[in-house]
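Please model the entire structure based on the sequences and the hints provided.
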Amino acid sequence: MTIAETKISGRQFMYSIICFIQASAILNAFISNITYQESWLVVIFAFIIFIPSVFMYGALINRFKDKNLIQIIIQIFGPVLGRIISVIYLIFFLSITMFNITDLTDITKTSMLPTTPYIILVMMCILITAWAVRSGLRVLTIYSKMYVFLASFIIILSIIFLFNVIEIGNLFPIFSLPLKKYVQGIHILNAIPFGELVVFLLIAPNVQMNKKQTYKYFFLGASIGAFSFFLTVLRDISVLGETFGMFVFPSLVAFRLIRITEAITRIEILFIVILIILLIFKISILYYVTVITVSQIFNLKKYKNIVLSVGFFLMTAAIVLSANSIQHTLAAQNGAPFIWVTLQIIFPFILLLISLIFNIKSPKEESK
Amino acid sequence: MKKIFILVFLLLCSLFLVGCWDAREINTLFIVTGIAIDKSEQEGFFDVSVIGIKTSPSRGGSQSSDDKDKKIVLKTTTRSIRDAFFHLNLNYDRTLYLQHNQIVIFGEDVAKDDLHRHLEFFVRSENSRMETLMLIVEGRADEVFKMDVKQEQNSTIYLFTHIQTISRRVKHYKISVLNFIANLLTEGFHSVIPIFAVNKNDDDDMPINMTGFAVFRNNKMIAKITDLEALGFVLLKGDVKNTNRTIISYDGMVSFDFDDIKTKKEIIYKDNYPIKIKITIEITASVEELLGFEKYSIQDLNRELHNIVQQEIINVATQTFKYFQELKVDVFGIGLSIYQHHPKKWNNLRNDWDNIFASLEVEINPKVVIKDYGQIVSIYNPGGVK
Numbered sequence: 009m010t011i012a013e014t015k016i017s018g019r020q021f022m023y024s025i026i027c028f029i030q031a032s033a034i035l036n037a038f039i040s041n042i043t044y045q046e047s048w049l050v051v052i053f054a055f056i057i058f059i060p061s062v063f064m065y066g067a068l069i070n071r072f073k074d075k076n077l078i079q080i081i082i083q084i085f086g087p088v089l090g091r092i093i094s095v096i097y098l099i100f101f102l103s104i105t106m107f108n109i110t111d112l113t114d115i116t117k118t119s120m121l122p123t124t125p126y127i128i129l130v131m132m133c134i135l136i137t138a139w140a141v142r143s144g145l146r147v148l149t150i151y152s153k154m155y156v157f158l159a160s161f162i163i164i165l166s167i168i169f170l171f172n173v174i175e176i177g178n179l180f181p182i183f184s185l186p187l188k189k190y191v192q193g194i195h196i197l198n199a200i201p202f203g204e205l206v207v208f209l210l211i212a213p214n215v216q217m218n219k220k221q222t223y224k225y226f227f228l229g230a231s232i233g234a235f236s237f238f239l240t241v242l243r244d245i246s247v248l249g250e251t252f253g254m255f256v257f258p259s260l261v262a263f264r265l266i267r268i269t270e271a272i273t274r275i276e277i278l279f280i281v282i283l284i285i286l287l288i289f290k291i292s293i294l295y296y297v298t299v300i301t302v303s304q305i306f307n308l309k310k311y312k313n314i315v316l317s318v319g320f321f322l323m324t325a326a327i328v329l330s331a332n333s334i335q336h337t338l339a340a341q342n343g344a345p346f347i348w349v350t351l352q353i354i355f356p357f358i359l360l361l362i363s364l365i366f367n368i369k370s371p372k373e374e375s376k
Numbered sequence: 063m064k065k066i067f068i069l070v071f072l073l074l075c076s077l078f079l080v081g082c083w084d085a086r087e088i089n090t091l092f093i094v095t096g097i098a099i100d101k102s103e104q105e106g107f108f109d110v111s112v113i114g115i116k117t118s119p120s121r122g123g124s125q126s127s128d129d130k131d132k133k134i135v136l137k138t139t140t141r142s143i144r145d146a147f148f149h150l151n152l153n154y155d156r157t158l159y160l161q162h163n164q165i166v167i168f169g170e171d172v173a174k175d176d177l178h179r180h181l182e183f184f185v186r187s188e189n190s191r192m193e194t195l196m197l198i199v200e201g202r203a204d205e206v207f208k209m210d211v212k213q214e215q216n217s218t219i220y221l222f223t224h225i226q227t228i229s230r231r232v233k234h235y236k237i238s239v240l241n242f243i244a245n246l247l248t249e250g251f252h253s254v255i256p257i258f259a260v261n262k263n264d265d266d267d268m269p270i271n272m273t274g275f276a277v278f279r280n281n282k283m284i285a286k287i288t289d290l291e292a293l294g295f296v297l298l299k300g301d302v303k304n305t306n307r308t309i310i311s312y313d314g315m316v317s318f319d320f321d322d323i324k325t326k327k328e329i330i331y332k333d334n335y336p337i338k339i340k341i342t343i344e345i346t347a348s349v350e351e352l353l354g355f356e357k358y359s360i361q362d363l364n365r366e367l368h369n370i371v372q373q374e375i376i377n378v379a380t381q382t383f384k385y386f387q388e389l390k391v392d393v394f395g396i397g398l399s400i401y402q403h404h405p406k407k408w409n410n411l412r413n414d415w416d417n418i419f420a421s422l423e424v425e426i427n428p429k430v431v432i433k434d435y436g437q438i439v440s441i442y443n444p445g446g447v448k
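Taken in sequence, the protein lines are chains S and L. Quick note on the working numbering: the first sequence kicks off at 9 and runs consecutively. Quick note on the working numbering: the second sequence kicks off at 63 and runs consecutively.
The hints are simulated quantities; they were obtained by calculation from the structure and are not laboratory data. None of the values given here were measured: they were computed from a predicted structure. Among these hints, one or two may not hold up.
[Stated by the list, open to error] Here are the computed lysine-lysine pairs in the BS3-like style, where the Cα-Cα straight-line distance is at most 25 angstroms:
(1) Lys429/L <-> Lys338/L
(2) Lys309/S <-> Lys64/L
(3) Lys233/L <-> Lys340/L
(4) Lys64/L <-> Lys310/S
(5) Lys65/L <-> Lys312/S
(6) Lys262/L <-> Lys340/L
(7) Lys64/L <-> Lys312/S
(8) Lys189/S <-> Lys433/L
(9) Lys236/L <-> Lys303/L
(10) Lys73/S <-> Lys309/S
(11) Lys338/L <-> Lys407/L
(12) Lys236/L <-> Lys174/L
(13) Lys188/S <-> Lys406/L
(14) Lys303/L <-> Lys326/L
(15) Lys262/L <-> Lys101/L
(16) Lys137/L <-> Lys208/L
(17) Lys65/L <-> Lys310/S
(18) Lys188/S <-> Lys407/L
(19) Lys303/L <-> Lys433/L
(20) Lys153/S <-> Lys224/S
(21) Lys332/L <-> Lys390/L
(22) Lys189/S <-> Lys407/L
(23) Lys219/S <-> Lys15/S
(24) Lys220/S <-> Lys73/S
(25) Lys174/L <-> Lys390/L
(26) Lys429/L <-> Lys324/L
[Unchecked claim] Partial pick of chain L residues on the chain S-facing surface, computed with a CB cut under 7 angstroms:
(27) Trp83
(28) Asp84
(29) Glu188
(30) Ala244
(31) Leu247
(32) Thr248
(33) Gln402
Glycine included, C-beta positions come from ideal geometry on N, C-alpha and C.
What follows is the structure, given as structure tokens:
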């Protein structure tokens, strides 16, 4: 049984995955000061290493067709242990939602509203996303296709506009860093943004797609998203050179350099607008997933009633626990990936393994 | 009912949430267009001057005579740039607005001392833009703000327009804060910044002249290159759309336009150690002015001019390269090229690169094509000009 009754198409699911990764493109600062000008290489390696995880997610979705991640955990581990593990996932979903709210407010403050109080920005974000979450998954994902095209258009446009300041030499040398730097960079990217795709295991039961389509849409979504991320990193490094590792938002600095005669300047607003749209979309998905997890843990029949309460909690947590950009980046580089990867990749793998060994399937699958 | 509630809520939102905290009315802002930084007489202090434009309601019709006085210059002496802005904001009725700053000008003394400490603010500040241009002025930087420019609203807008115009031909004339910082951080590479001199002759409507480039070793200006070396630098750097050179030979005088200058560098190694650099300079030249050379037929003239220009390029480029070798500053990115393509070799060279660069043998190979002689095909010398 799924708490949310609405169904979305496989394509909408795919576009949502792309949007989700594109929204994380601004987070390239997490690896920029670790792997510097070789970050583009790290994006490629990280995605190649992540590909088996995509198929693992697909296998889990196909094995438990009408169950989301929390329901799978409860089915495999039983109601008590399953709920304890689900609470850990809840904390994880709350953390990444909060981190993304912080990202959104940071970029809004840096680029547009420097003196607007943090609480107002967080409140507006929660109000808009709560509205979207209450409207259901279909409404939430309906514009994902448009966002993907818009974001891709802006990325391509920015590369064309920045062509006169792009230095291909900035992408070199390659393989000049110590091995542990590559490992750290790949590890971080496997946690943020690729590993974050684990949240789609909570949406999957509401997607109309067959077994083959599950793999197809998940893989295509992750690949296109990763390619956008790669293009963004490639653009930022080739434009910013050695300064790539210096900035909190390298893409914002790169966009500020666009100058096509006197007429086309200061178009970073395009980037900021699309980024805010993508981040709102990502936060909505994360918020939705958090609400679904709470409902599932407490066995609620409707999730809509708790949307605002969870939102209020998120708002309070984001305000109280908000870190400055350095703390945020350090947390994303040193602490979070180690804990997160366990929940994003290792634990789902254990779930799949147990379900295969003990032949556990959803009742629907067993009846086939 | 629910829809009406949402509508009322949205209307209230648009009324109350219109970004009052970030409201910036133009009549409360001092729009900074240039910043000049000089050493103060007081040890450890700096004179920071900012120039802005006076904002006033727009009027129809032609410019009035008082439009000339639209510039405002504010000045303070502090230990840091941030302190200067804090002090100026405290003592001036408007808030300094940096988003439209076009240029940061450093006095020669500051450049020779430590440029890096002043750039930190521009990199860190969310109000500053990294594409802001940088330049050095011979003597004091605040002299620029005293210039009387007739064409533009103030001297920094004039300078900005000037640099934009000349950098369309030679892109190396345009160095932004981002470029300079990136160069500082880049291994095996030193930077140059255009250097200007204020013209103190009141009768001259060209208030400032570009005199060459200030050469930096890391964050300190160590030398100045003018005329010949400046041309040599441009030729050796390559990626130039257009520059020119007048050459006087035994047979006459010829002015060339050099278009589409492309430079290729090949490093020759011996036992993983660079010993020689071969620089190929490809130029498409056109004859713009030609005096003398009467004794040559058209065919011989072409060959002679070709020889003259090739020899000139070899002389200028070699001389400039040797000058930079004496300074031990690699502004051509030879070290950078080794770092980018042979990082393992670079690890062994990194610490002693300045000395290795100074000992490199250089070979200049010009490849010149004279494609244009203008609209006359014969030698113009009606009066027998000598």
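Verification of the hints:
Simply put, Lys429/L and Lys338/L have alpha-carbon atoms about 19 angstroms apart, close enough for the 25 angstroms limit, and the pair holds. Using a Cα cut-off of 25 angstroms, the hinted pair Lys309/S and Lys64/L holds, with the two alpha carbons roughly 24 angstroms apart. At most 25 angstroms may separate the alpha-carbon atoms for a hinted pair to count; Lys233/L and Lys340/L meet this at roughly 23 angstroms. The suggested pairing of Lys64/L with Lys310/S holds, with an alpha-carbon distance near 20 angstroms, which does not exceed 25 angstroms.
About 18 angstroms separates the Cα atoms of Lys65/L and Lys312/S, which keeps this hinted pair within 25 angstroms; it holds. A threshold of 25 angstroms between alpha carbons decides the hint, and for Lys262/L with Lys340/L the separation of about 43 angstroms lies outside it, so the pair is violated. Pair hint Lys64/L plus Lys312/S holds up; C-alpha atoms about 16 angstroms apart against a cutoff of 25 angstroms. Restraint check: the Cα-Cα separation between Lys189/S and Lys433/L comes to about 52 angstroms, which exceeds 25 angstroms; the hinted pair is violated.
With a C-alpha separation of about 14 angstroms, the suggested pairing of Lys236/L with Lys303/L holds against the 25 angstroms cut-off. Among the hinted pairs, Lys73/S with Lys309/S is consistent with the structure: their alpha-carbon atoms are about 19 angstroms apart, no more than 25 angstroms. Distance check on the hinted pair: Lys338/L and Lys407/L sit about 15 angstroms apart at the alpha-carbon level, within 25 angstroms; holds. At most 25 angstroms may separate the alpha-carbon atoms for a hinted pair to count; Lys236/L and Lys174/L meet this at roughly 20 angstroms.
With a C-alpha separation of about 17 angstroms, the suggested pair Lys188/S and Lys406/L falls inside the 25 angstroms cut-off, and the hint holds. For the hint linking Lys303/L to Lys326/L, the alpha-carbon distance of about 16 angstroms falls within 25 angstroms, and the restraint holds. A threshold of 25 angstroms between alpha carbons decides the hint, and for Lys262/L with Lys101/L the separation of about 21 angstroms falls inside it, so the pair holds. Of the supplied pair hints, the one linking Lys137/L and Lys208/L holds, its CA atoms being roughly 12 angstroms apart against a limit of 25 angstroms.
At most 25 angstroms may separate the alpha-carbon atoms for a hinted pair to count; Lys65/L and Lys310/S meet this at roughly 22 angstroms. Proximity of Lys188/S to Lys407/L is assessed by CA-CA distance (about 21 angstroms); at most 25 angstroms being required, the pair is judged to hold. Only pairs whose Cα atoms come within 25 angstroms are accepted, and Lys303/L paired with Lys433/L is accepted, the gap being roughly 15 angstroms. For the suggested pair Lys153/S and Lys224/S, the alpha carbons sit about 17 angstroms apart, so the restraint of at most 25 angstroms is met.
Only pairs whose Cα atoms come within 25 angstroms are accepted, and Lys332/L paired with Lys390/L is accepted, the gap being roughly 21 angstroms. Restraint check for Lys189/S and Lys407/L: satisfied, since their Cα atoms lie roughly 20 angstroms apart, inside the 25 angstroms limit. With a C-alpha separation of about 16 angstroms, the suggested pair Lys219/S and Lys15/S falls inside the 25 angstroms cut-off, and the hint holds. Taken as a hint, the Lys220/S and Lys73/S pair is honoured in the structure, with Cα atoms around 12 angstroms apart against an allowance of 25 angstroms.
Straight-line distance between C-alpha atoms of Lys174/L and Lys390/L comes to about 16 angstroms, which keeps the hinted pair within the 25 angstroms bound. Straight-line distance between C-alpha atoms of Lys429/L and Lys324/L comes to about 10 angstroms, which keeps the hinted pair within the 25 angstroms bound. The interface hint given for Trp83/L holds, since its Cβ lies 4 angstroms from the closest Cβ of chain S, which is under the 7 angstroms cut-off. For Asp84/L, the interface hint holds, since its Cβ comes within 7 angstroms of a Cβ in chain S; the closest pair sits about 5 angstroms apart.
The beta carbon of Glu188/L comes within 5 angstroms of a beta carbon in chain S, closer than 7 angstroms, and the hint placing it at the interface holds. Here the hint on Ala244/L is kept, as its CB sits about 4 angstroms from the closest CB of chain S, short of 7 angstroms. Here the hint on Leu247/L is kept, as its CB sits about 4 angstroms from the closest CB of chain S, short of 7 angstroms. For the restraint placing Thr248/L at the interface with chain S, the shortest Cβ-Cβ distance is roughly 5 angstroms, inside the 7 angstroms limit, so the hint holds.
This hint holds: Gln402/L has a C-beta 4 angstroms from the nearest C-beta of chain S, less than the 7 angstroms allowed.
Hints 6 and 8 from the list above are not met by this structure, while the remaining hints are.
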